[in-house]
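Using the working numbering, the first residue of the sequence shown is number 8, and each one after it goes up by one.
Keep in mind that the hints are not guaranteed to be accurate.
[Said to hold, decoys possible] Derived SDA-like pairs: lysine to any residue, alpha-carbon spacing no greater than 20 Å straight-line:
id: 1; residue 1: LYS151; residue 2: ARG203
id: 2; residue 1: LYS125; residue 2: ARG148
id: 3; residue 1: LYS163; residue 2: THR142
id: 4; residue 1: LYS151; residue 2: ASP114
id: 5; residue 1: LYS125; residue 2: PRO222
id: 6; residue 1: LYS260; residue 2: ILE80
id: 7; residue 1: LYS125; residue 2: THR142
id: 8; residue 1: LYS125; residue 2: GLU190
id: 9; residue 1: LYS125; residue 2: LYS260
id: 10; residue 1: LYS125; residue 2: GLY135
Note that these hints are calculated values from the structure, not bench results.
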Amino acid sequence: MTELRFPTSLGMSTTSTITLLGQDLANDLMGNVSLTELVHRMVTLRVPTPGQVRMLDACLLALADHGFTPTAIAARLTYLSAPDSVQGAMAAGLLGGGSRFLGVTEDCGQFLGAVMDKLPDLPTDDAGWDEAARTVMQEARAGKRIIPGLGHPVHKELDPRTPALIRIAREEGCYGPHLALFEAIGRVHEEFLGRRLVLNGAGVVGAALADLGLPMQLLRGFALLARAAGLLGQLAEELRMPVAMDAYLMVEKNAEFVDPAALLEGDDE
Numbered sequence: 008m009t010e011l012r013f014p015t016s017l018g019m020s021t022t023s024t025i026t027l028l029g030q031d032l033a034n035d036l037m038g039n040v041s042l043t044e045l046v047h048r049m050v051t052l053r054v055p056t057p058g059q060v061r062m063l064d065a066c067l068l069a070l071a072d073h074g075f076t077p078t079a080i081a082a083r084l085t086y087l088s089a090p091d092s093v094q095g096a097m098a099a100g101l102l103g104g105g106s107r108f109l110g111v112t113e114d115c116g117q118f119l120g121a122v123m124d125k126l127p128d129l130p131t132d133d134a135g136w137d138e139a140a141r142t143v144m145q146e147a148r149a150g151k152r153i154i155p156g157l158g159h160p161v162h163k164e165l166d167p168r169t170p171a172l173i174r175i176a177r178e179e180g181c182y183g184p185h186l187a188l189f190e191a192i193g194r195v196h197e198e199f200l201g202r203r204l205v206l207n208g209a210g211v212v213g214a215a216l217a218d219l220g221l222p223m224q225l226l227r228g229f230a231l232l233a234r235a236a237g238l239l240g241q242l243a244e245e246l247r248m249p250v251a252m253d254a255y256l257m258v259e260k261n262a263e264f265v266d267p268a269a270l271l272e273g274d275d276e
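Kindly produce the complete structure, drawing on both the sequences and the hints.
Listed below in structure tokens is the structure:
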């Protein structure tokens, strides 16, 4: 009979010890390693530089909270319905992380990565990146596709996260080809669209995470990790200054019945 094996490089426990990544959790990691650094190490199995930790931390901060977004509202309403289930409220908010909210981080990173894979050589200056970006825009226009991370529903003039993230990336030596291409798209897209759109901060996060060498398949996971912290803050505020009941009652009191027969009239013609 073949012996069962379940290999792992992460956490292991005995009756009196806990190890993580091969190090003693209590004596080697706790008090010495930040959560941001630990996440980086668990995902990549590499010890990040201080600059990489600062960059990743900035990315997580950029996505932690953005006000009364659907993810926050879902968490608050779920907590209203089931105050005994913090985990349910957190999960409800995280399940709303999709293509319209939070998902752009992954979408943008993967989009830029796919472009990188097709480039024979990476440009060495802004002019070269601009030409690469023009090719991206031409192909997108021809295929009637949108560029993930280009534009924001609220920040029409500037997403304040964008210049901050780019500045930190440059300061810490974490500025790489994904950010370079995304910035170039920001410079040239008006030539093709006839209007200027902002570079969405969540998209910049996707580019920055890709430049950190984090797995493309897990980029949305980092967005969800950040938003989990934000949702905890939203639930704490719901305890201090509840709004979920008012939101529920506003919809309930303004609900209007529509006769199903009226909706079917057009289908019968």
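Status of each hint after checking the structure:
no.	hint	in the structure
1	LYS151 x ARG203	18 Å, holds
2	LYS125 x ARG148	18 Å, holds
3	LYS163 x THR142	25 Å, violated
4	LYS151 x ASP114	17 Å, holds
5	LYS125 x PRO222	18 Å, holds
6	LYS260 x ILE80	18 Å, holds
7	LYS125 x THR142	11 Å, holds
8	LYS125 x GLU190	18 Å, holds
9	LYS125 x LYS260	55 Å, violated
10	LYS125 x GLY135	15 Å, holds
Violated hints for the displayed structure, listed by number in ascending order: 3 and 9.
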